[in-house]
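Based on the provided sequences and hints, a complete structural model is requested.
Residues in the sequence shown are numbered consecutively from 56, following this note's numbering.
No wet-lab data here; the hints were simulated from the structure.
Check the hints yourself; a few may be wrong.
Said to hold, decoys possible - Heads up, simulated SDA-like pairs for lysine to any residue below, C-alpha to C-alpha not over 25 Å straight-line: (1) Lys208 x Asn222; (2) Lys159 x Lys280; (3) Lys178 x Glu203; (4) Lys111 x Leu95; (5) Lys137 x Ala117; (6) Lys137 x Asp99; (7) Lys159 x Met219; (8) Lys112 x Thr245; (9) Lys159 x Thr234; (10) Lys137 x Leu243; (11) Lys280 x Pro256; (12) Lys137 x Ile158; (13) Lys208 x Pro254; (14) Lys215 x Pro65; (15) Lys178 x Gly194; (16) Lys82 x Val101; (17) Lys105 x Glu231; (18) Lys159 x Val101; (19) Lys82 x Leu140; (20) Lys280 x Leu259; (21) Lys159 x Glu239; (22) Lys280 x Pro254; (23) Lys111 x Gly139; (24) Lys215 x Asn174; (25) Lys105 x Ser126; (26) Lys82 x His220; (27) Lys111 x Arg81; (28) Lys137 x Arg83; (29) Lys105 x Leu140; (30) Lys159 x Lys105; (31) Lys137 x Asn174; (32) Lys137 x Arg81; (33) Lys215 x Arg252; (34) Lys215 x Glu250; (35) Lys215 x Gln227.
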Amino acid sequence: MNLVIFSGPPSSGKTSIILKTIEAMRKRDLQVGVVKFDCLSTDDDVLYEKAGIPVKKGLSGALCPDHYFASNIEEVVQWGRKTGLDLLITESAGLCNRCSPYIKSIKGVCVIDNLSGINTPKKIGPMLKAADIVVITKGDIVSQAEREVFASKVNSVNPKAMTMHINGLTGQGAFELSTLLYDEDEELETVTGMELRYPMPSALCSYCLGETRIGDDFQMGNVRKIELGDMDE
56 MNLVIFSGPP SSGKTSIILK TIEAMRKRDL QVGVVKFDCL STDDDVLYEK AGIPVKKGLS
116 GALCPDHYFA SNIEEVVQWG RKTGLDLLIT ESAGLCNRCS PYIKSIKGVC VIDNLSGINT
176 PKKIGPMLKA ADIVVITKGD IVSQAEREVF ASKVNSVNPK AMTMHINGLT GQGAFELSTL
236 LYDEDEELET VTGMELRYPM PSALCSYCLG ETRIGDDFQM GNVRKIELGD MDE
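Structural data, given as structure tokens:
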């Protein structure tokens, strides 16, 4: 079984891209399943079920979605193997602009849309910088010049990644992406012992442990303060 990790900001078009890509892969008689990671709620699993795609979802709740992903990815891989999948796709909403964490030697795809803002590529962080493939969506809504400028911004952040333009509504470009995701010579049995490409967010402070009061007297642990200069001036 192959594993591919999809990530991207909310509403960037990840689910639509994945559905169109799986549609293309099914024409090659490949069995593809999806595990959706999110924080509080998602109905995307219903869309996959309607398409007849094996799917599971996991909600991190109050936990960091990065940590939740890393804590469950091995079990997810074993579910995919047990289900008899040729390819397992994980999808994460990237709510903290970092998740999901990519794994060394496992393909990582970041989905980002042209409407997110010209400077968004610089703000996303490892979710974009560490990806192997960057999919840019919603190109039909902006001009050719805007598409080119946005793509150049993406390339400046991650020049090593392959950049693709895909229409999540029509599926244009999805076939080309599908040819890059599966390699029959690769067989993944476990991710145990593999390493993440980038360290996950780390914090153990009073708010992580349930504190709700604001102020220095209630802040303990890993706390970082903003630099505001001399407040006495």
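Results for each hint:
1. The straight-line distance between the Cα atoms of Lys208 and Asn222 is roughly 19 Å, inside the 25 Å bound, and the hint therefore holds.
2. Straight-line distance between C-alpha atoms of Lys159 and Lys280 comes to about 33 Å, which puts the hinted pair past the 25 Å bound.
3. With a C-alpha separation of about 19 Å, the suggested pair Lys178 and Glu203 falls inside the 25 Å cut-off, and the hint holds.
4. Proximity of Lys111 to Leu95 is assessed by CA-CA distance (about 15 Å); at most 25 Å being required, the pair is judged to hold.
5. Between Lys137 and Ala117, the direct Cα distance comes to roughly 29 Å. Violation of the 25 Å bound is thereby established for this hinted pair.
6. Restraint check for Lys137 and Asp99: the C-alpha separation of about 22 Å stays at or below 25 Å, so the hint holds.
7. Annotation: proposed proximity of Lys159 to Met219 holds, straight-line Cα distance about 21 Å (limit 25 Å).
8. The suggested pairing of Lys112 with Thr245 holds, with an alpha-carbon distance near 20 Å, which does not exceed 25 Å.
9. Using a Cα cut-off of 25 Å, the hinted pair Lys159 and Thr234 holds, with the two alpha carbons roughly 20 Å apart.
10. A C-alpha spacing of about 12 Å is found between Lys137 and Leu243, which places the hinted pair at or below 25 Å, so the restraint holds.
11. A threshold of 25 Å between alpha carbons decides the hint, and for Lys280 with Pro256 the separation of about 16 Å falls inside it, so the pair holds.
12. For the hint linking Lys137 to Ile158, the alpha-carbon distance of about 21 Å falls within 25 Å, and the restraint holds.
13. A threshold of 25 Å between alpha carbons decides the hint, and for Lys208 with Pro254 the separation of about 24 Å falls inside it, so the pair holds.
14. Straight-line distance between C-alpha atoms of Lys215 and Pro65 comes to about 24 Å, which keeps the hinted pair within the 25 Å bound.
15. For the hint pairing Lys178 with Gly194, the CA-to-CA distance comes to about 20 Å; that is within 25 Å, so the pair holds.
16. Simply put, Lys82 and Val101 have alpha-carbon atoms about 22 Å apart, close enough for the 25 Å limit, and the pair holds.
17. At roughly 24 Å between alpha-carbon atoms, Lys105 and Glu231 fall within 25 Å of each other, so this suggested pair holds.
18. With a C-alpha separation of about 30 Å, the suggested pair Lys159 and Val101 falls outside the 25 Å cut-off, and the hint is violated.
19. Proximity of Lys82 to Leu140 is assessed by CA-CA distance (about 15 Å); at most 25 Å being required, the pair is judged to hold.
20. Among the hinted pairs, Lys280 with Leu259 is consistent with the structure: their alpha-carbon atoms are about 15 Å apart, no more than 25 Å.
21. A hinted pair counts as satisfied when its Cα atoms are at most 25 Å apart, and Lys159 with Glu239 qualifies at roughly 19 Å.
22. Restraint check for Lys280 and Pro254: satisfied, since their Cα atoms lie roughly 21 Å apart, inside the 25 Å limit.
23. In summary, the hint linking Lys111 to Gly139 is supported, as the alpha carbons are separated by about 14 Å, within the 25 Å threshold.
24. Proposed proximity of Lys215 and Asn174 is supported: the alpha carbons are some 19 Å apart, at most 25 Å.
25. Our distance criterion of 25 Å between C-alpha atoms is broken by Lys105 and Ser126, whose separation comes to about 28 Å.
26. Annotation: proposed proximity of Lys82 to His220 holds, straight-line Cα distance about 21 Å (limit 25 Å).
27. For the proposed pair Lys111 and Arg81, the alpha carbon gap of about 19 Å is at most 25 Å, so the pair holds.
28. Between Lys137 and Arg83 the CA atoms are separated by roughly 21 Å; this keeps the pair inside 25 Å, and the hint holds.
29. Restraint check for Lys105 and Leu140: satisfied, since their Cα atoms lie roughly 18 Å apart, inside the 25 Å limit.
30. For the suggested pair Lys159 and Lys105, the alpha carbons sit about 32 Å apart, so the restraint of at most 25 Å is broken.
31. Under the criterion of a C-alpha separation no larger than 25 Å, the hint pairing Lys137 with Asn174 is inconsistent with the structure, at around 42 Å.
32. In summary, the hint linking Lys137 to Arg81 is supported, as the alpha carbons are separated by about 19 Å, within the 25 Å threshold.
33. Taking the CA atoms of Lys215 and Arg252, the gap is about 14 Å. The hint holds against a cut of 25 Å.
34. Only pairs whose Cα atoms come within 25 Å are accepted, and Lys215 paired with Glu250 is accepted, the gap being roughly 20 Å.
35. Annotation: proposed proximity of Lys215 to Gln227 holds, straight-line Cα distance about 23 Å (limit 25 Å).
Of the numbered hints listed earlier, those contradicted by the structure are 2, 5, 18, 25, 30, 31.
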